[in-house]
Amino acid sequence: MFIDFDAIPQFRAAVERVNLVRDVAFSGLPETIAGIEVLPLTFRHWQWLNTIASPFLGGRELEARTLAGDIAAFFWTIAPKRNPGALSTDARQLAYKKQFLLTIGRLKLDTAINGVREYLSEAFMDAPGGRGQGDHTSYFSMGAAVVHRLCSAYGGLTPFTALDLPLKQGFQLLKLIEREEMAKLGKKPMQFNPTDGLKGRLAAKIHRFPDCSEAKIAVIQRN
Amino acid sequence: MPRGSRSVEFFRGANDTDYVGTSIGTYLLETDSPSRPSTLTDRRGTKNEATDWAGSKDFDTLSGTAQLADDTANPLERFDWFVDTFDDGEGPERWVITEVSQPEGQADARKQTFTCRKDNSRTT
Chain B
1 MFIDFDAIPQ FRAAVERVNL VRDVAFSGLP ETIAGIEVLP LTFRHWQWLN
51 TIASPFLGGR ELEARTLAGD IAAFFWTIAP KRNPGALSTD ARQLAYKKQF
101 LLTIGRLKLD TAINGVREYL SEAFMDAPGG RGQGDHTSYF SMGAAVVHRL
151 CSAYGGLTPF TALDLPLKQG FQLLKLIERE EMAKLGKKPM QFNPTDGLKG
201 RLAAKIHRFP DCSEAKIAVI QRN
Chain C
1 MPRGSRSVEF FRGANDTDYV GTSIGTYLLE TDSPSRPSTL TDRRGTKNEA
51 TDWAGSKDFD TLSGTAQLAD DTANPLERFD WFVDTFDDGE GPERWVITEV
101 SQPEGQADAR KQTFTCRKDN SRTT
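First to last, the protein sequences are chains B and C. The working numbering puts the first residue of the first sequence at 1, with every later residue one more than the last. The working numbering puts the first residue of the second sequence at 1, with every later residue one more than the last.
Check before you lean on any hint, since a few could be wrong.
[Stated by the list, open to error] BS3-like mimics (lysine-lysine), calculated; alpha carbons at most 30 Å apart, straight line:
id : chain 1 : residue 1 : chain 2 : residue 2
1  : B       : K175      : B       : K188
2  : B       : K175      : B       : K187
3  : C       : K57       : B       : K184
4  : B       : K187      : C       : K57
5  : C       : K57       : B       : K188
6  : C       : K57       : C       : K47
7  : B       : K188      : B       : K205
8  : B       : K81       : B       : K108
9  : B       : K216      : B       : K205
[As the list claims (entries may be wrong)] Which stretches of chain C does chain B cover? Using the computed rule of at least three CB atoms under 8 Å from a CB of chain B, they are:
id : stretch
10 : 5-14
11 : 68-80
12 : 88-99
13 : 103-110
Hints are computed from structural coordinates only; laboratory data are not their basis. Quick caveat, the model's predicted, so the values are computed rather than measured. Ideal placement from N, C-alpha and C gives every residue a C-beta, glycine not left out.
Just chain B, with the same shape it has in the complex (with noise of 0.2 Å):
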């Protein structure tokens, strides 16, 4: 059977978004949670989250006890103006953190934590899945493994560069250093589109009710 997913008006909306996402990473906009500004994710601020076991990148599980101070430190990590190398006693960078924390403590809890995970979610949309098992044993963190991988392949980037690129713009070139890879072998890559879920779950309706309005709209060809 052949589906024209690009038919279905709720598939092709998905899709207009994440090329919107990928456009937009590299056109150096500042992006937003809830309406505050903060920095796209780095892989440099992606080792800090994991550095502190962020809850929100599943370092631990989210408790109501620390959950304010999880979402502050979060948004601290991305905050515009944070210098990681000031002192602790640089006075404006003391004045500035306080005037953004202020604002962060404004927002309702489960304002916060939806923005940060929708924000996380485009941040990953690009990243390479996996098997979720095996031995667990880990000789080196992930992001030395992207950093070290991105280098090989551009020669302009220095680790200490890297870590600084958006996860959007890294994750993306990362799957077009795999997909050269793996022509040269002539084969084809196994990648992911955020797309996907919706795309299978639409298939498995399709197959499942041949009559429903999906499958009026965008099946092709029946065998």
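Following the hints, put chain C in place on chain B, whose structure we already have.
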């Protein structure tokens, strides 16, 4: 071949009499056209000159990526099969998995790479 995503139903197991398997789910295939090779035999004369050759069909294969359509679809295994038409001239063909990877996932999608061989003895 129409443009669109190919969606197939895979089956598992079959008996020798009616060849009915159990449906294991719906899968979206990302594949190129099947590879349809042939084996050539040269015939030569007494001076080793080319006189004739004969060709016979070799085994058709198909490889690509299969996306498990939803959570109800089972991971594909070796010898799972599906029937579909890739070329009008060939009609419906039965393709049997001969090699398959472990599923990999990203967000709510799971995929496997596979290689199939055409079952020349059956089409359904």
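Structure-based check of all given hints:
As the CA atoms of B:K175 and B:K188 are separated by approximately 11 Å, the hinted pair is consistent with the 30 Å bound. Using a Cα cut-off of 30 Å, the hinted pair B:K175 and B:K187 holds, with the two alpha carbons roughly 14 Å apart. With a C-alpha separation of about 28 Å, the suggested pairing of C:K57 with B:K184 holds against the 30 Å cut-off. Between B:K187 and C:K57 the CA atoms are separated by roughly 24 Å; this keeps the pair inside 30 Å, and the hint holds.
The hinted pair formed by C:K57 and B:K188 meets the criterion: a straight-line CA distance of about 26 Å does not exceed 30 Å. A threshold of 30 Å between alpha carbons decides the hint, and for C:K57 with C:K47 the separation of about 28 Å falls inside it, so the pair holds. Only pairs whose Cα atoms come within 30 Å are accepted, and B:K188 paired with B:K205 is accepted, the gap being roughly 28 Å. The suggested pairing of B:K81 with B:K108 holds, with an alpha-carbon distance near 23 Å, which does not exceed 30 Å.
Note on B:K216 and B:K205: the hinted pairing holds, with a Cα-Cα distance of about 12 Å set against a maximum of 30 Å. With 5 residues carrying a beta carbon less than 8 Å from a beta carbon of chain B, the stretch 5-14 of chain C meets the three-residue requirement, and the given coverage holds. For the stretch 68-80 of chain C, the proposed coverage by chain B is satisfied: 5 residues have a C-beta within less than 8 Å of a C-beta in that chain, meeting the threshold of three. For the stretch 88-99 of chain C, the stated coverage by chain B is violated: 1 residues have a C-beta nearer than 8 Å to a C-beta of that chain, whereas at least 3 were required.
Counting residues of the stretch 103-110 of chain C whose beta carbon lies closer than 8 Å to any beta carbon of chain B gives 7, which meets the minimum of three for the stated coverage.
Of the numbered hints listed earlier, the single one contradicted by the structure is hint 12.
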